[in-house]
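Given only the sequences and the hints, what does the whole structure look like? Please build it.
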Amino acid sequence: MDYFAQQLINGLVLGSIYGLIAIGYTMVYGIVGMINFAHGDIFMIGGFIALITFLILVSMGLTAVPLILLVVLLVSMAVTAVYGWAVELIAYRPLRQSFRLAPMLSAIGMSFVLSNFSQVTQGAQVKPIPPLITGGHTLHESAGFAVRLSNVQIVVVVTTVVLLAIFTWLVSRTRLGRDMRACEQDQTMAALLGVDVNRTISMTFVIGAALAAVAGIMYLLYYGLVDFYMGFVAGIKAFTAAVLGGIGSLPGAMLGGLAIGLIETFWSAYFSIEYKDVAAFSILIVVLIFMPTGLLGRPEVEKV
Amino acid sequence: MTAPSSQLPATHSSGIAFILKKAFISACVALILFSLMIGIRTLPNESGQLTYVTRFPQLAAMVAIVFGGSIVVELLRLWWGPVDTARVIPPSIQSALDFGGRLIAPALLIFALLVPVIFYQQRYILDLAILVLTYVMLGWGLNVVVGLAGLLDLGYVAFYAVGAYSYALLATNFGLGFWECLPLAGLLAACWGVMLGFPVLRLRGDYLAIVTLAFGEIIRLVIVNWQDLTGGPNGISGIPRPTFFGIPLVPGDNGFAAKLGIPFSPTHRIVFLFYLILALALLTNWVTIRLRRLPIGRAWEALREDEVACRALGINITTTKLSAFAIGAMFGGFAGAFFATRQGFISPESFTFQESALVLAIVVLGGMGSQLGVALSAFAMIGGFELFRGFDQYRMLVFGIAMVLLMVWRPRGLIGHRAPTVFLEHNRAIAADLVKEGRG
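Those protein sequence lines, which keep their order, are chains A and B.
1 is the number of the first residue of the first sequence in the working numbering; add one for each residue after it.
1001 is the number of the first residue of the second sequence in the working numbering; add one for each residue after it.
Heads up, a few of these hints could be off.
Said to hold, decoys possible - Restricting the straight-line Cα-Cα distance to at most 25 Å, the calculated cross-link-like pairs of lysine to aspartate or glutamate (DMTMM-like) are:
| id | chain 1 | residue 1 | chain 2 | residue 2 |
| --- | --- | --- | --- | --- |
| 1 | A | K276 | B | D1228 |
| 2 | A | K276 | B | E1349 |
| 3 | A | K276 | B | E1180 |
| 4 | B | K1022 | A | D196 |
| 5 | B | K1021 | A | D196 |
| 6 | B | K1259 | B | E1180 |
Please keep in mind that the hints were generated in silico from the structure rather than gathered at the bench.
Below is the structure:
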């Protein structure tokens, strides 16, 4: 039971990171109707920016951990958001009216560009940092096994929850959120009613990239390393999560993220760690056989 | 960083100010993007701790390149005029082009047949030609699934892997020869194609994309982790070389050269491999062209255009989709078996998502469904890729940039239209715009 509880905690933490990335996929899909393949690499860039900012701050002699975290969070979110914006402008906007494979291939190309860009500029080695947040709490201890909740895990989950609250408020209560939902339903009609469609789509990419940057920081804090290739694996997992939850549905993305995180953790804990990705992908396929639009996705009504 | 400029000023002088302003903004954005990623290089120091060095000259150079590049792009745009204006081609030139276009395919075929004769001494060119033809074959195989049936497959490399591993395992464990294994590899890959096909029967568009991607990854991960069977990341080595229908291409008394009474040369094997892959690729092409005239091929194309209408007309969607997956996969399996026998060594590293993306890019750039287009774009992509062999680190970066630029420049592919399979009275070219690709 204790072992189960421990894995549950680990799975939820991992799931929060996936969920944050998955929101970026599902948001872009909802509005533009394309798979932003480069989103995983945006997450990786976010991690790298956070790492570099962290190194600069430490070399400047800053030691207060909350202050470092705050600055890293702000810088990484801001710079990564610019990456998201630039990627949309260069690779996707010219193809918006095109047939649907074109932006997808352009996105795959952009994903290669971003991951190899960071390989060329920062090298192919894994970049480790010393743990920034240490310590934790023992929740329950019996028979030599302790259920531990580390402070990093608390930070990851709390940050995720706070960001999700802000994000939900943004989508449901603000002018921008209303514009986004309008564009999702009908871009032409939204444009006729005075919504700046280009700006709204840009903002969608900016918000998605900022959330991915947060996920990158959480990954850096939790695992203590980044490398140029991590965007691909995390990207497909998060995309799997978005599809599992029903692509286009925001709560679905978070739910799917948690589901993938839990599946992976439990599979590694009880079966084999090598096949954890196989398990995650297989469950995706099985779920889609029975629910072709994911857990919370709306069935697509086809009009002839 | 070059937003579509709907507000291009009319006069030239204000145009310069506009271009400079735009270039300046682009340079500022580039400064934000690159300041941390290029300006700072993270390095581990002697004790393994991460530190950094600054690289401001490179940063300045990149920002300057973006500034200059932005000006050049804007000038080109000004010179080229608005993108949407149709470029009117005089009918005489158009018909000459059409005539030339009809000659390209036979000319290319003759050239391909003559390649080993012309380049007999240049081993490098022969190897490159074999590589190009492998991708031509993969492109034609995937074309059945994506171009004809309109099913978006992001995991095509899985079938390539199944083909390669089935030949490698059958040959190293049971001593079967290449010619026995080739049909088996195709059959096994086709079975896997059907296995992939079943769960995705009801899926559409992007759900299909992720499931095929996941399928490709599952196959790769299983190959990596099932060490007892596949050797894991170390791969399988010592895969037998192909024989000339039973006669080995080796020096010695029972070798191919000795039987013909000519001196042995290692190039014989390369030439043989070249003609082998050429024959396999042409088989793929021939089967595809024939199938397009059969009811099943018509059903694929109908399925791509409109699934609902297809169903209403009584076409069996299940068999149509499954057969497309199976036949596409079969050709992937053939190509995989060829790959294994050519390399003599295979490992999971050859079957990553990048390969799938490369083959898909070949098909899309080739104009989705155009056989000639796929061949030309495979030639262009692999040849272009090869040019950057010396700059290994930058190879994928350049490939990615090229992919984005090509897509932005020619979203319909390099050859944007193809001849219709069936037509009524007039043979009008189908613009790719009419085709709704990628919908499951």
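* Which numbered hints are broken by the structure, listed smallest first? -> Violated hint (a single one): 3; every other hint is consistent with the structure.
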